[in-house]
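Under this note's numbering, think of the first position of the sequence shown as 342, with each following residue one higher.
To be clear, the hints were calculated from the coordinates, so they are not data collected in a lab.
Please note that the accuracy of each hint is not assured.
[To be verified] Here are the computed distance ranges between Cβ atoms for each label pair:
id, residue 1, residue 2, range
1, 362, 422, 19 to 29 Å
2, 392, 368, 31 to 41 Å
3, 370, 419, 31 to 41 Å
4, 438, 368, 16 to 26 Å
5, 348, 427, 39 to 49 Å
6, 365, 399, 33 to 43 Å
7, 361, 435, 29 to 39 Å
8, 366, 393, 18 to 28 Å
9, 397, 365, 33 to 43 Å
10, 392, 365, 33 to 43 Å
11, 369, 445, 31 to 41 Å
Backbone N, C-alpha and C define an ideal beta-carbon position, used for all residues, glycine too.
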Amino acid sequence: MKDRKPKIKALLNAAERELALFKNTREFPNLSQACEKIWVAFTLALEERANREIRGSVKIREIAFRLNYQYQYELTHKLHILHYEGSPDVEDSAVIQEVLEGIVQVRYMIS
342 MKDRKPKIKA LLNAAERELA LFKNTREFPN LSQACEKIWV AFTLALEERA
392 NREIRGSVKI REIAFRLNYQ YQYELTHKLH ILHYEGSPDV EDSAVIQEVL
442 EGIVQVRYMI S
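Could you build the full structure based on these sequences and the hints that come with them?
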């Protein structure tokens, strides 16, 4: 099983860059990309913790809960949904805080 940590770190760094762009431009695509990069990093971190590939949203949730990553799952899944379902109020600092928290939580999972 290959080490996923470099890919996870790269995704989180890219999410930070997208968030910084969003803060400057207030363009939703930047926020959306940050959200999705965090979700992908979370799923890779979960695979790293489970020591196996995980495919499908039901399995991702199941394994996250089994490994006691419920909080991380709920947070990153919310960001994943935001990516697909549309633009929040771009002035909503709570969304920015959730993106930052998502980055912190996934970094914690691989430390």
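Checked hints:
no. : hint                  : result
1   : 362 x 422: 19 to 29 Å : 21 Å, holds
2   : 392 x 368: 31 to 41 Å : 38 Å, holds
3   : 370 x 419: 31 to 41 Å : 18 Å, violated
4   : 438 x 368: 16 to 26 Å : 19 Å, holds
5   : 348 x 427: 39 to 49 Å : 27 Å, violated
6   : 365 x 399: 33 to 43 Å : 38 Å, holds
7   : 361 x 435: 29 to 39 Å : 18 Å, violated
8   : 366 x 393: 18 to 28 Å : 39 Å, violated
9   : 397 x 365: 33 to 43 Å : 36 Å, holds
10  : 392 x 365: 33 to 43 Å : 39 Å, holds
11  : 369 x 445: 31 to 41 Å : 22 Å, violated
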